[in-house]
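2 protein chains.
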Amino acid sequence: MLQAPPAEPGMREDEIDTPALVIDLDAFEHNLDTMAALLAPTEAKLRAHAKTHKSPVVAKLQMARGAVGQCVQKVAEAEALAWGGVPDVLVTNQVVGPRKLARLAALSRICEVGLCADDEAQVVLAEQAAEAAGIRLKMLVEIDVGMARGGIEAGPPAVALAERIAASKHLIFGGLQAYHGSAQHIREPEKRAGAIAEAVARTRRTMEQLAQRGLSCAIVGGAGTGTFRHEAASGVYTEIQAGSYAFMDVDYAKNDDAPPFRHALFVATTVMSRAAPGIVVVDCGHKGVAVDSGMPGVWERPGLRFAGASDEHGKIMVEDAAAPALGERLRLVPGHCDPTVDRYDWYVGVRKGRVECLWPIAARGGMA
Amino acid sequence: MLQAPPAEPGMREDEIDTPALVIDLDAFEHNLDTMAALLAPTEAKLRAHAKTHKSPVVAKLQMARGAVGQCVQKVAEAEALAWGGVPDVLVTNQVVGPRKLARLAALSRICEVGLCADDEAQVVLAEQAAEAAGIRLKMLVEIDVGMARGGIEAGPPAVALAERIAASKHLIFGGLQAYHGSAQHIREPEKRAGAIAEAVARTRRTMEQLAQRGLSCAIVGGAGTGTFRHEAASGVYTEIQAGSYAFMDVDYAKNDDAPPFRHALFVATTVMSRAAPGIVVVDCGHKGVAVDSGMPGVWERPGLRFAGASDEHGKIMVEDAAAPALGERLRLVPGHCDPTVDRYDWYVGVRKGRVECLWPIAARGGMA
Numbered sequence: 001m002l003q004a005p006p007a008e009p010g011m012r013e014d015e016i017d018t019p020a021l022v023i024d025l026d027a028f029e030h031n032l033d034t035m036a037a038l039l040a041p042t043e044a045k046l047r048a049h050a051k052t053h054k055s056p057v058v059a060k061l062q063m064a065r066g067a068v069g070q071c072v073q074k075v076a077e078a079e080a081l082a083w084g085g086v087p088d089v090l091v092t093n094q095v096v097g098p099r100k101l102a103r104l105a106a107l108s109r110i111c112e113v114g115l116c117a118d119d120e121a122q123v124v125l126a127e128q129a130a131e132a133a134g135i136r137l138k139m140l141v142e143i144d145v146g147m148a149r150g151g152i153e154a155g156p157p158a159v160a161l162a163e164r165i166a167a168s169k170h171l172i173f174g175g176l177q178a179y180h181g182s183a184q185h186i187r188e189p190e191k192r193a194g195a196i197a198e199a200v201a202r203t204r205r206t207m208e209q210l211a212q213r214g215l216s217c218a219i220v221g222g223a224g225t226g227t228f229r230h231e232a233a234s235g236v237y238t239e240i241q242a243g244s245y246a247f248m249d250v251d252y253a254k255n256d257d258a259p260p261f262r263h264a265l266f267v268a269t270t271v272m273s274r275a276a277p278g279i280v281v282v283d284c285g286h287k288g289v290a291v292d293s294g295m296p297g298v299w300e301r302p303g304l305r306f307a308g309a310s311d312e313h314g315k316i317m318v319e320d321a322a323a324p325a326l327g328e329r330l331r332l333v334p335g336h337c338d339p340t341v342d343r344y345d346w347y348v349g350v351r352k353g354r355v356e357c358l359w360p361i362a363a364r365g366g367m368a
Numbered sequence: 001m002l003q004a005p006p007a008e009p010g011m012r013e014d015e016i017d018t019p020a021l022v023i024d025l026d027a028f029e030h031n032l033d034t035m036a037a038l039l040a041p042t043e044a045k046l047r048a049h050a051k052t053h054k055s056p057v058v059a060k061l062q063m064a065r066g067a068v069g070q071c072v073q074k075v076a077e078a079e080a081l082a083w084g085g086v087p088d089v090l091v092t093n094q095v096v097g098p099r100k101l102a103r104l105a106a107l108s109r110i111c112e113v114g115l116c117a118d119d120e121a122q123v124v125l126a127e128q129a130a131e132a133a134g135i136r137l138k139m140l141v142e143i144d145v146g147m148a149r150g151g152i153e154a155g156p157p158a159v160a161l162a163e164r165i166a167a168s169k170h171l172i173f174g175g176l177q178a179y180h181g182s183a184q185h186i187r188e189p190e191k192r193a194g195a196i197a198e199a200v201a202r203t204r205r206t207m208e209q210l211a212q213r214g215l216s217c218a219i220v221g222g223a224g225t226g227t228f229r230h231e232a233a234s235g236v237y238t239e240i241q242a243g244s245y246a247f248m249d250v251d252y253a254k255n256d257d258a259p260p261f262r263h264a265l266f267v268a269t270t271v272m273s274r275a276a277p278g279i280v281v282v283d284c285g286h287k288g289v290a291v292d293s294g295m296p297g298v299w300e301r302p303g304l305r306f307a308g309a310s311d312e313h314g315k316i317m318v319e320d321a322a323a324p325a326l327g328e329r330l331r332l333v334p335g336h337c338d339p340t341v342d343r344y345d346w347y348v349g350v351r352k353g354r355v356e357c358l359w360p361i362a363a364r365g366g367m368a
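Top to bottom, those sequences are chains G and F. When you line the first sequence up against our numbering, it's residues 1 to 368, in that order. When you line the second sequence up against our numbering, it's residues 1 to 368, in that order.
This is chain G alone, in the form it adopts within the complex (with noise of 0.2 Å):
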């Protein structure tokens, strides 16, 4: 069931029904204008991982200023994409499974659309789907550039992945995808652009030899928040996949030479409880907030700690300040904002304390 929105447009940030999902516009543009202006200069273009988002609103704000399509790691993210009027949406993973293929050469109808492979095998299953719809799916090699999770051995491994491909008369080869996404937590600047580095020469390695084959990538996509200023120099990457930039969250603001962006993504949450000692509870626990890459930060409330999460209350531990009443709202700062954001139907854009708007967060919960 989709659960009905926790605001109206026009009310105080303050009677928003708690947790919710909170984006501060101001500070979303921004980032959003921030981006197009860092890779203007550059010969790469955006394409916007939706994993982060997972709504065809932002999507064509995103496009909007530049963007030439989106990035989803499901099947059922592109047909929210693609469902919204997105038209160009590239699945940056494998799909396995003869259902989902279907359901993405069928999307094939009304949106660009590609997957990736690292297997032969995974091949076979796309050609036979392209076939049964009487459509051609362009599909990319991920290569593996370092993270060693998905993705195949750069070099001729890779190049005999393209030919098979190119074969088919059910495909199209649609280039590279070179992600290396755990770079981007290397908090050591030097060591993360080397890691970048190392990326950059595999992929480079592997498109001359797939030119020697005859065979030119027309996207060569990679690249996260935490990395996509070196992958935009490099004059390899066509595209860069960043997704979080839009909102930013407390692991990748770690970082020393952070990228400029804001945060704009929050969960409203309001004090439940304070009868525990030195703790007040609030409304918003694990299920609220993502805690897979450490716990929230609490927003410009220096003194209050956000120290530990159950299924639906969250610990904040009052250090250095005064307890914030009962019936009190905070705002969180999402540890990891892509989790997060998949936990909620609605977006509530707020500007200058005004809920402004209500975006559905369409594309929430698609696994598949």
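What the hints contain is simulated information worked out from the structure, not anything from laboratory work. Quantities reported herein were computed from a predicted structural model and do not represent experimental measurements. Do not rely on the hints blindly, as some may be mistaken.
A pair holds if it fits inside one copy or across any two, identical chains being indistinguishable in the list.
The list that follows gives simulated cross-link-like pairs (lysine to aspartate or glutamate, DMTMM-like), each with its CA atoms no further than 25 Å apart [claimed, not checked]: (1) Lys254 / Asp292; (2) Lys60 / Asp311; (3) Lys191 / Asp88; (4) Lys191 / Asp311; (5) Lys60 / Asp26; (6) Lys60 / Glu29; (7) Lys45 / Asp257; (8) Lys45 / Glu15; (9) Lys45 / Asp119.
Dock chain F against chain G, hints included.
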């Protein structure tokens, strides 16, 4: 947007689109029957906690076996249950906020409802909502029995709050909420029993002091899957609020004296990449299975270990087994059922390898 169901009745289990939330119906029914049998010789009744299952369908199956009603943590959960025909719902939590209280008061026209307080300010808010709605709200006093999260101090402070509730013409004093959640995760059986003995002592003392003031407790509620046999045997608790017993998760099963429930809830997942040596990657990360209590288990596949979850990918180490094939299905046992359920729109009920039913998770995402 509600996500489409990942399966249809009659399908084979290996045709379900993954990741998907699967109930093993034989194990699930065993668990419901077992709990009914364990409580039958005691004076305590089950008021199962719907924060785990979030489904009126599951609630009714529990009530058909003797449960007197359901617990919830949020007003949105109470709504989903009441709208689904559950006749008696207790919010085992404080409710702070005029919109939430108005919704709960409205619900009392179709369902027996109650809520908890640990502060007089909550009593005042509930009183106002009840008066505005022209109904009486049942309110329990939550006492701290050792968890130091919510709950007023047992004894005289709790008695004073109960008297305040009982004196209101818009409220009904409903009894005591005395939940010791953290005791459930104490591994040593004696220490766990000791924690509950202390909870029982604080509760009994408060009841005696209430009786001296002429107040009796229609409900004395608490207990969870990890401790309920102690509370049920105490002679003090009238209602047991266990929820996880229906499904069981990895964490509760770690206790040496784990109660005789079976793993009944799984996340079905598919191997989507085996490009990296020594691991296979499945299509379920922490968006699909909660990791706040640790990684999921891999069901009946010795030698495979779920070692890490990113947003949409799970890394399974192949330690002492043949690597599963691309496309092969695995069942994951959630480390923590409650937040895992809250990520999905549908239960897929499976028996003997076939999909038997689909049940909507009606209160999924019910935050406020």
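Okay, the hints, checked on the actual structure:
1. Lys254 / Asp292: So Lys254 and Asp292 pass the 25 Å test inside a copy (15 Å) and across (22 Å) alike.
2. Lys60 / Asp311: Close across copies (23 Å), not inside one copy (34 Å); limit 25 Å.
3. Lys191 / Asp88: neither (34 Å within a copy, 58 Å between copies)
4. Lys191 / Asp311: between (37 Å within a copy, 24 Å between copies)
5. Lys60 / Asp26: within (17 Å within a copy, 47 Å between copies)
6. Lys60 / Glu29: Classified as within; 13 Å inside a copy, 47 Å across copies.
7. Lys45 / Asp257: within (22 Å within a copy, 58 Å between copies)
8. Lys45 / Glu15: This pair counts as neither: shortest intra-copy Cα distance 40 Å, inter-copy 38 Å.
9. Lys45 / Asp119: Neither. Shortest intra-copy (27 Å) and inter-copy (55 Å) distances fail the 25 Å Cα cut-off.
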